[in-house]
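Residue numbers (the numbering used here), protein chains in the order written: chain A, 157 to 653; chain B, 12 to 232; chain C, 7 to 687; chain D, 144 to 456.
If you're looking for bench data, these hints aren't it; they were derived computationally from the structure. Heads up, the beta-carbon is just placed ideally off N, CA and C, and yes, glycines get one too. Warning: the hint list may mix true and false statements.
What the hints assert, rightly or not - EDC-like mimics (lysine to aspartate or glutamate), calculated; alpha carbons at most 16 Å apart, straight line: (1) C:LYS569 - D:ASP438; (2) C:LYS662 - B:ASP222; (3) A:LYS312 - B:ASP18; (4) C:LYS109 - C:GLU480; (5) C:LYS568 - D:GLU201; (6) C:LYS390 - D:ASP438; (7) A:LYS595 - C:ASP161; (8) A:LYS595 - C:GLU480; (9) A:LYS595 - C:GLU166; (10) C:LYS602 - D:ASP438; (11) C:LYS164 - A:ASP263; (12) A:LYS531 - C:ASP163; (13) C:LYS662 - B:GLU227; (14) A:LYS595 - C:ASP163; (15) A:LYS531 - A:ASP600; (16) C:LYS469 - D:ASP205; (17) A:LYS312 - B:GLU227; (18) A:LYS461 - C:ASP653.
Said to hold, decoys possible - Okay, the calculated beta carbon distance ranges per label pair: (19) B:LEU119 - C:ILE644: 41 to 49 Å; (20) C:ALA279 - D:THR149: 40 to 48 Å; (21) C:SER522 - D:ILE148: 21 to 29 Å; (22) D:GLU350 - C:GLU637: 37 to 45 Å; (23) C:GLN530 - D:THR149: 18 to 26 Å; (24) A:GLY570 - D:ASP438: 35 to 43 Å; (25) C:GLU480 - A:PHE572: 56 to 64 Å; (26) D:LEU400 - C:ALA279: 50 to 58 Å; (27) D:THR149 - C:LEU19: 42 to 50 Å.
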Amino acid sequence: MDTLISNLTILFLLLPPVVGACLVTVLKKKRVIGAITICTASLILIQVLFVVSRIISQKTITAFGNAFYVDSLSAVILLSISVVGFVAAIYSKNYMGRQYDNGTVDDKHIVRYYQGFNVFLLTMLVVPIANNLGVMWVMVEATTLVSVLLIMLYFKENAIEAAWKYLIIATVGLSFALIGTVFFYYANINTNPSEDAMNWTGMVHNAKLFDPNLVKIAFVFILVGFGTKAGLAPMHTWLPDAHSEAPTPVSAVLSGVLLNCAFYGIIRFHIVSSVAIGPGFSNQLLIILAVVSIVIAAASIYFQKDMKRMLAYSSVEHMGLISLGIGFGGLLGIYGAILQIINHALAKPLMFFASGTISQKYDAKAMSKITGIIKVMPITGILFLIGGLALVGMPPFNIFVSEFMILSSGFKSGQFVAVSIVILFLVVTFAVFLRHLIKMIFGDPSSEMKKSEMGKLAILPMAILGSLVVILGIYIPVQLQTLIQNASTVISNGGFA
Amino acid sequence: MDTIQFDILTISGAILLIATFGIVATRGFMDWLNAYRYQSIVLSGVTAIIGYVTGIWEIYIAAGLTLVIKSIIIPKVLTYVTRKLEIEFKLETNPYVSIRASVIISALLVALSYFLIQQIPFKSDQIVNAYLPVSMAQFFIGLFVLVNRRTVLSQVVGLLIIENGLFLFAMALTHGVSLLIEIGIFVDILVGILISSILLFRISRTFDSLDVGKLENLRDD
Amino acid sequence: MISNLVLFQIPILLFVIGALSGLLSRNSRLARLMIFVPSMIGSIFTIVFSIGIITGTPLKLTVPHILPFFDLEILVDGISAFFMLIIGLVSFAVSLYSIGYSKEYEIKKRMSAFGFLFNIFILSMILVVSSNNSFFFLIFWELMSLVSFFLVIYDHDKEENLKSGMTYLVMTHLGTAFIFASFLLGYIQTGNFSFDSFRHGSTGFPLLVKNLVFVFAFIGFGTKAGMVPLHVWLPKAHPSAPSNISALMSAVMIKIGIYGMIRTIFDFSGFGASPDFAWWGMLLVAFGSASAIIGVLYAVVERDIKRALAFSSIENIGIILIGLGLSVVFTSFNLTAFAVLALVASMYHTINHAVFKGLLFMGAGSVVSVTHTKNIEHLGGLVKQMPWTSLLFLIGAISISGLPPFNGFISEWFTLQALLSSYHIPSTILQISIAFASLPFALTIGIAAATFVKLFGMTFLSKTRSENIINIKEVPRSMILGMSILAAVCVLFGVVPYLGTSLISTAFHMSFQPSSPLDFISVQNNSGKSFANLSMPVVVIILSSISIAIFGFIRVLGGHTKKTTYGTWDCGFGSLNERMEYTPTSLSQPIRAVFKVFFKPHNQTEKESFGENQYLLKTIKVETVIKNIFEDVLYTPIVSSFVFFFDKVRRLQTGKINAYLLYIMITLVLLLLFVRLSNNA
Amino acid sequence: MLNMITIIIGLIQVLVILVLAPLLTGIIRKTKARTQKRIGASILQPYYDLLKLVRKDEVISDQTSWIFRACPWINFAAITTAAFFIPVFLAYTPFGLVGDLLLVIGLFALGRFFTMLAGLDVASSFGGLGSSREMMISALLEPALFLSIFVVAITYGGTNLSTLISASSNSSFLPHPQIIFAAIGLFIIILGETGRLPFDNPATHLELTMVHETMILEYSGKSLALMEWSQSIKQIILFTLMINIFVPWGISSSILLSTLAVGFLTFIGKISLFGIFVAFLESSVAKWRLFRIPDLIAIAIATSMIGIVLCYL
């Protein structure tokens, strides 16, 4: 009975995007397919909430034999995917509608967009729940392919360039991830050749017996591989291009969720490696890459001219912070990192949505051409400001809480050098990021700008995210606390809650 | 018996490496394609050897698949795509590092991969012993080709070398993970190649060139 | 009797109501009342509450589980209540003042955002001083910074304001980073974020940690307080803000920095009566003296009235820090009586500065709101059009110059006595250094008086220097009333020092005389004789009776004489006009010349000539510019080295995919080599 | 009863200062005239001047405000209040509990503050000029003054003038070494505070040299009388301080008629001698250029600093 429920749970999780994609392909009506996608996304959200509530009570769900395995960590990722997917679907309707009115896209493109969007959601949903790490890899690679298609939806020069770089770099990176995965598998079958040797559950079970040298090399490959996809510097180079050239809702999903999915891969193997050889080694590497990411992101933001590129670099910074939290370890650090995953998934899409709306209004992405947003579109302006302040870690917004935890754990773990550098560059990021933001939000708009918002459907998703950003800054519901607590236990406790 | 087997393994690995060098050393796109085709044939032979040594029948299927997909379908697709292109792309004029130097660097990379892999305990597994460094060298060489070459097409080829290395690596280490995942990986690669072909097409249309140098609009400096 | 908890909640609720009604309102008189009346009532409750705490027992409460790891803990003890009292007092006056003041703003701006931010700003300050958990302290602290930042850039049409706002925000954030570090050291030692655990655990910290906790807190809170050389934001932000906000910021917000320092030093740095800590005090005295003298030197040559006031805030923070530092030194040598004296001096000056700087900023705001210029070169003669404002500004000016019988004199008297008491310290080098530190301090007092002669004289006295301010009127009654409250406090705290000293000694649980309003303040010397005495009420009695007596005496002696009004003597050249008057720049020229090493003044000449011929000048403009050494020597090099680094980093993003792949390759190889080589070793 | 007597004596000391102030000015002027081979006016001339001035009508500038009119009264009241805390011929004063030396300085500063404002209030360049120079000089004198007070206060144990002067009158005949340095510093400062040469020339009305006079240039009648008188009072207060701190010989330390009489007479003698000394000094130096004055003040500061070091060593 219980297995049946579990199987159905997973099935209903994966069914909506499949059905959605099919319906979009069949119906092809511009008005309908947007609504369908919103339905799909909301069904996913509801189902994920159900899954989360089950996870809170029973910690793990296993379905279809051993094919799917959901624990608290997966649930956190699922939660971020579903929330961002939901708001992105709502936002898409308005955004793509306007693109259509502009003549930027035609009917064919819109159908392709919504197909891609549904498939993209599907692939991402599978990543955190697949028990087989090979399947996980396949799905991460699949997300790359789908998102490349979504990025090159417009046949603009820049979009094609970005898509190309993304494709090549991500594929190369992920091939390293596969090498790492296979190495782990090899380590596993060397000690215990069994059916589920490729499965996460099987792997973490035997991890204590793995050969240390093998694990180290394997983890390096994993880190570089999934790190490329997760946007850790210096493998992040594709990220600003891809995120800035994609259609805005896609940028939001890429930045808010896809990076998390890739990072999820790192976390899984980090757990295995910690069990195998103790957390010291992988922590060390995570901290190094994290510091490099934060420094490079901070430095790159200063000279940015394009709004979305700037946001992309900010994603690099936040992935750095997440990896820093995991690397510092300790309950506080890991908790902070997981909270950071959620917080970033809320704040970054908010910023992307706002920036998309703003670029449509001003007909420009260059920040120098945008001034006085607060006067032209007050609500969007305030939401943009809230998102920006959250991103730079200003209280009382949510990211401050997680950053506080991460940095505290850094002090606690005695990594003073790393923490000092990070704090310095967080201040630098704060300065350079806000400098751009404030120039755009305040000041006098040019006289021909008419004061108006861009429609309720554009505001709604931002308002949802904005209120979550504010609320999570001062209050985290007990259920969410429990979930994150369990997820951090999964990481710190060798994979078991 | 074991030593003979090991010799066979080593020699086939060496042949594979030489085939890989062939790709590094050639200039024109058609030459690469041919070199790639040869390399894939060698690869499928190597796969068959692995199948023989381990006695797992699934590996023969994989070898067959490799032969079909890599030495026939992919070159065909790429030839088809490039034939449609109307611009001059056949000869790459100037890689960052000259061909002679690249060959030497590739040799160094082979040495590097032997050095890096040394510490892994292979136990008595001769297949791993023989092929792991070879496949590792293939990654590095593939990556080097990607770094060094300046046309979009050559980068696809670099990617293909890496995929070949990956395939060999997976085979050598795991003797076939499981057919399902293997197929998944194959499909991924195929779709990847397909998408990159579409992109190739787009790039040549939009930029009137296949030079990656044209793809430098998005940058910070 | 209403419980303390309710009294604490009422003002919070009122400020929230004020904030929300601000958001919901449109521009109108009603809206202004809806914004500022709640904040006024809230401030009154704050005052009542804090006096209740000072005289009664501390309020403590905990709201657990709203966030993981961090409980919202509130503790209002005497120290918090003292600062809360300052907040309440000044914000009451400022709220009252704002009812009239913001009318001016309504014409060009929406009030809704302002009303929201204004109320939240006051609320955040109250919450900062009452929080008892480092996490929530930082939340409220940054909220305070953020809200005040928005208020600074409230006139965001001017790019200059945005820039000063940015400087402010970045500097204060940098400060927060240090505060954060200081708290985290406590956290490492105690494993808890609550101030309570710091408080109990701090005595057990290793000396190094204690020192680090102090130094980080010193830098962090010093930034907020506007201590030199971390003061750069202050003279930019305060003038940019609307004047009522400048008043709040300068009078109250920078005091929260002082609060933080006191909290850290006396509560959770493990500070105690040991000569190990004497250098903390000396550090405070050194930076305090530097702030005082540098602040006042910039103030005296300044032409922008609000900038001058801002620099003067730096000066006064310096004086407060000197007092605080002396208190630390005395405590570390276990000279309790003098430590109390120095702390009273410091806290007395804190409350005084809050009062008179609030008053002065409001006065300046009144002037700016009717004349629309902050440059005193264009002002003058306002005493006739604005008699009330000028009188109130004069009271502020006399107080801040440290002249009897107003409050500034009292706190400076205490500070001087504390400096003199340094001869009790059993260390010659400290004795001499503190004695020498009194040199910049005394110089500061002298120049401060000159500064305010200049500010008041040039703004309110003599002839109007520009034509467009001739037909101006006195400001509305609510503004006058708002200023009068603080002016009354200035007088009250000057004439009856008992009010201040008893407040401080009760709040800080110390014993200090005088024991009744009319009693003498006295400082004892070694032989038990009185070292110094002061009784301000009697001084005021003498002063006023002499005034009456001499009036009568002269009248009797000279009889009734006529008074004729006639033009100022002009050496017979004909009518004097405003171009012949002394300008503010020329007024401060001697001081600028004496300190030319510091100011490096030079004249900038702009010439505009007719056509080609450079000798036929159409206009010539000469401006005396002084160098800002801190920006030139300290900040500009730091910023430009960062920008240099940024420039190098952005070169990495070349746009070449080959380069990108190379980075991946290099990373991979390096990490693999790292693994390989670390294994061999 | 004793209290009543001390208060009365205290008041008498105040009166002595108020009454003798113009006389000291007269003595100095007479001496200066003599050294310049002039006969000079009577030493009582300042009294005549004051009497004349209070009876004269006033002309007030139409540019001025109430500050200009109130200034002489405030100035006078402030300086006279300061006189209450000064022991003159008795080594202490009952008002010592009310205020100390720092308060005296504060009250002087209050008077000067208003005088500077009055100078600015008349809207002529003269007033601005005077205030501007006074701003600089007073600002620089402040630290010098405080440092020398520092030396004196820690040597004699208080800024309370009763304590201070009692201690100095009880101290040995030969002063402490640091006191000599303090005396040099304080003497220079007193010349500056009272506007004597080489800081300021009270006798000229030349815009190149004058400081104090420019600020009161617009005053006439009663106001001018008050300004002049208060200036004399300030002068005698500072001279009294100087002689009572550094040469306290003969000052009465108890309330006996005899000692009081001796004290009073020696005070008259000492203050006259000091006035004559200052007058001689003034005759022998020229007014210094404005920007050389800081050098002089620097000397005062330096000697006081040496004094401080000597205190502690």
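Evaluated hints:
1. C:LYS569 - D:ASP438: Cα-Cα ~43 Å, so violated.
2. C:LYS662 - B:ASP222: Given that 16 Å is the threshold and the Cα spacing comes to 11 Å, the pair holds.
3. A:LYS312 - B:ASP18: violated, 54 Å
4. C:LYS109 - C:GLU480: Holds, at about 14 Å.
5. C:LYS568 - D:GLU201: holds, 6 Å
6. C:LYS390 - D:ASP438: violated, 40 Å
7. A:LYS595 - C:ASP161: It holds: about 13 Å lies between the C-alpha atoms, which stays within 16 Å.
8. A:LYS595 - C:GLU480: Given pair A:LYS595, C:GLU480 is violated - Cα atoms ~37 Å apart, limit 16 Å.
9. A:LYS595 - C:GLU166: Holds, at about 11 Å.
10. C:LYS602 - D:ASP438: holds, 14 Å
11. C:LYS164 - A:ASP263: violated, 45 Å
12. A:LYS531 - C:ASP163: Satisfied, since the Cα-Cα distance of roughly 10 Å is no more than 16 Å.
13. C:LYS662 - B:GLU227: holds, 6 Å
14. A:LYS595 - C:ASP163: Within the cut-off at roughly 11 Å; holds.
15. A:LYS531 - A:ASP600: holds, 8 Å
16. C:LYS469 - D:ASP205: holds, 10 Å
17. A:LYS312 - B:GLU227: holds, 14 Å
18. A:LYS461 - C:ASP653: Holds, because 14 Å separates the two Cα atoms, which is no more than 16 Å.
19. B:LEU119 - C:ILE644: 41 to 49 Å: Taking Cβ atoms as reference, B:LEU119 and C:ILE644 lie about 43 Å apart, which means the hint holds.
20. C:ALA279 - D:THR149: 40 to 48 Å: Holds, since C:ALA279 and D:THR149 (Cβ atoms, about 41 Å apart) stay within the stated range.
21. C:SER522 - D:ILE148: 21 to 29 Å: At roughly 26 Å between Cβ atoms, D:ILE148 and C:SER522 fall inside 21 to 29 Å, so the hint holds.
22. D:GLU350 - C:GLU637: 37 to 45 Å: holds, 38 Å
23. C:GLN530 - D:THR149: 18 to 26 Å: holds, 21 Å
24. A:GLY570 - D:ASP438: 35 to 43 Å: violated, 58 Å
25. C:GLU480 - A:PHE572: 56 to 64 Å: holds, 59 Å
26. D:LEU400 - C:ALA279: 50 to 58 Å: At 52 Å between Cβs, range holds.
27. D:THR149 - C:LEU19: 42 to 50 Å: violated, 59 Å
Going down the numbered hints, you'll see the structure goes against 1, 3, 6, 8, 11, 24, 27, while the others check out.
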